[in-house]
Amino acid sequence: MASANMLWNSAKILGFPVPLASNGRWARFGCTFRHHPFEGSFFFNLLRSNCSSSTANSVWNDKEYLALSDEELMRQCEMDTFKASGPGGQHRNKRESAVRLKHIPTGITAQAVEDRSQHKNRASALARLRALLALKVRNLVDLEDYSPPPELLQILPLKSTIRPPECGPQIGPNNSKFLPGMQALLDLISTVDGSVADTAKLLGLTTGALSRLILSDDALRMAVNDIRMSKGMKPLK
Amino acid sequence: MRLSIGRSYLVAPHCVKSSRLISSSSSKPQIPLFLRPPNHSIKLTDLHKWYNWAKTLNSSVGSSFVDTDNGPDSTLLNRELKWLVQDAVEDKSVSSELGNEIEQNPKLGLRNVRLKVGIEELYRLWKQRIDERRPFQYIVGCEHWRDLILSVEEGVLIPRPETEALVDLVGKVVLDNEALREGFWVDLGTGSGAIAIGICRILEGGARVIATDLSSIALAVAGYNVQRYGLQDLIELRQGSWYKPLQDVRGKLSGIISNPPYIPSDNIFGLQAEVGKHEPIVALDGGSNGMDDLIHLCDEAAVMLKPGGFFAFETNGEDQCKLLVNYMENNHKGRFCNLKIVSDFVGIPRFTTGFLKEAI
Ligand SMILES: C[S@@+](CC[C@H](N)C(=O)[O-])C[C@H]1O[C@@H](n2cnc3c(N)ncnc32)[C@H](O)[C@@H]1O
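Top to bottom, those sequences are chains A and B.
Mapping the first sequence onto the working numbering, position 179 (from 1) lands on 179, and the numbers just tick up by one.
Mapping the second sequence onto the working numbering, position 159 (from 1) lands on 1159, and the numbers just tick up by one.
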């Protein structure tokens, strides 16, 4: 229940420039986004083979969103703060410090659970945004001589036949390094049109082993099922 | 803890308002609730009873505080109540059990839980929260600020979320200019020590930070917080008015950061009760237009900073930010450069920042 004099207020972050909403705003990345609203999520299909960064019209590789530092990612966002009217600062002792971030290039928004400090609210909104970017932003994978990137190898079970021993122990969903691996896995699954069997083959796993990995994390399972359903396949249970 | 007492503040021009003088207290700073030993034991049902009683009090408030002085509504009070439980219990799972679990499974209530405060005290504390509008942070004795948990008590300003950004500003400045990472940085009017501790950590040990305040209670609390974060070798506390206790570092400062009192005197009366009735007036009242201290800080920055040194001051908002920039451009022509107004997290212009020009 919010009192009437509060409102969500969009603000630039710490004076960082936020691009204005216009279609040309991301032109400097030379990319085009295809917008597929599907059950509330957005898929962006980009051809990774076009990604050489030296050419003038190189394609912005979405995977790089996750590689950005917090400040860099923040610069691509608009922040909404649950704000009460009034001058704030020393005048005020109130903690409506909920933070909502809108990632402008993708339109994805993430809201933080409320913490006791503003700083941590921002940090948890950013962490949620990273998870959503991994789940919702798709890159097309080049399947010719496919070899999985290290971040994907790290989340595979040890029995994968293509997983080199120097990869270390398997990284699970509670580790923040799981996100980039999960993103790479979803990219692969969506590129092979949702087939778990085909994906498993490319990763040196049995279909059963890959299914168990997918089902081990709710968010991952739901994202895989979104992909499968969009390709007319049955969801994994 | 080093505490060089600068007696000079007694003659400083900014202490003439008698209301702003505070009696010095020799009492030791209080230990925040969450750090106290769990010396009390109670049945979970009895804690649950208190919790429901407090929630009923909260709902009786409705939006009446919002209507009188833009204070908290019952939603906010319920959130604070949860935080109080978090700080008061030893076993964190109690917080969730107080919600639905205990109602679904009354047997849970028979178990004993360990508390850091007696149950009678909990009743008294929440009564103070509602009847006297005593700030929540004074009740639990701490405030979560950035990634820190700072001890606070009556007599010390509760650090505000807006102020967190001053630390980020310093972080950005030293990223662009590594040389500024060294030398002396000052936090003027340090209160709980929030800014001093924040910037000391962001400067990563390169700089010496001097934190000053007029108030003995503030310095005692700041000292406690500095110790708790193990920064006593990097942060020095000095008592006195603004730059008075800093004459030995005149012209040598790499950075000056301050959140001085900036509320215009006329506005003090209408403040939210938690602020106006409980926080120290010396931390809030900035004189007739709220800028007495800010102007003084700017004037002296010109002689206290080293060439190329950085300053950042928090203000009451857009008007004060603009006035400060104009003042510096006109009254200190050519001395400062890169003057900027920076907004806070809700988009209100909040900080004026700049550099003293490098000597040519
Ligand atoms: C708004 S509070 C800021 C406290 C802390 N820096 C923060 O941001 O949370 C202002 C502080 O300035 C101190 N103060 C007021 N007048 C002063 C003076 N003449 N010299 C030094 N400090 C002063 C007050 O005691 C108070 O701690």
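Just to be clear, a hint being listed does not mean it is correct.
Said to hold, decoys possible - Only pairs whose alpha carbons sit at most 16 Å apart, straight line, appear in this in silico EDC-like list of lysine to aspartate or glutamate:
| hint | chain 1 | residue 1 | chain 2 | residue 2 |
| --- | --- | --- | --- | --- |
| 1 | A | K120 | B | D1168 |
| 2 | B | K1082 | A | E72 |
| 3 | A | K102 | A | E144 |
| 4 | A | K201 | A | D115 |
| 5 | A | K177 | A | E64 |
| 6 | B | K1107 | B | D1147 |
| 7 | A | K120 | B | D1147 |
| 8 | A | K102 | A | D80 |
| 9 | B | K1055 | B | E1178 |
| 10 | B | K1172 | A | E64 |
| 11 | B | K1333 | B | D1292 |
| 12 | B | K1244 | B | E1300 |
| 13 | B | K1172 | A | E78 |
| 14 | B | K1357 | B | E1300 |
| 15 | B | K1172 | A | D218 |
| 16 | B | K1082 | A | E144 |
| 17 | A | K120 | A | E64 |
| 18 | A | K231 | A | D218 |
| 19 | B | K1172 | B | E1182 |
| 20 | A | K102 | A | E78 |
| 21 | B | K1306 | B | D1131 |
Source of the hints: derived by calculation from the structure; they are not laboratory data.
Results of checking the hints against the structure:
no.: 1; hint: K120(A) x D1168(B); in the structure: 13 Å, holds
no.: 2; hint: K1082(B) x E72(A); in the structure: 34 Å, violated
no.: 3; hint: K102(A) x E144(A); in the structure: 35 Å, violated
no.: 4; hint: K201(A) x D115(A); in the structure: 43 Å, violated
no.: 5; hint: K177(A) x E64(A); in the structure: 14 Å, holds
no.: 6; hint: K1107(B) x D1147(B); in the structure: 38 Å, violated
no.: 7; hint: K120(A) x D1147(B); in the structure: 7 Å, holds
no.: 8; hint: K102(A) x D80(A); in the structure: 8 Å, holds
no.: 9; hint: K1055(B) x E1178(B); in the structure: 51 Å, violated
no.: 10; hint: K1172(B) x E64(A); in the structure: 23 Å, violated
no.: 11; hint: K1333(B) x D1292(B); in the structure: 20 Å, violated
no.: 12; hint: K1244(B) x E1300(B); in the structure: 10 Å, holds
no.: 13; hint: K1172(B) x E78(A); in the structure: 19 Å, violated
no.: 14; hint: K1357(B) x E1300(B); in the structure: 14 Å, holds
no.: 15; hint: K1172(B) x D218(A); in the structure: 38 Å, violated
no.: 16; hint: K1082(B) x E144(A); in the structure: 55 Å, violated
no.: 17; hint: K120(A) x E64(A); in the structure: 24 Å, violated
no.: 18; hint: K231(A) x D218(A); in the structure: 20 Å, violated
no.: 19; hint: K1172(B) x E1182(B); in the structure: 14 Å, holds
no.: 20; hint: K102(A) x E78(A); in the structure: 5 Å, holds
no.: 21; hint: K1306(B) x D1131(B); in the structure: 50 Å, violated
Figure legend: structure checked against the earlier numbered hints; hints not met, in rising order: 2, 3, 4, 6, 9, 10, 11, 13, 15, 16, 17, 18, 21.
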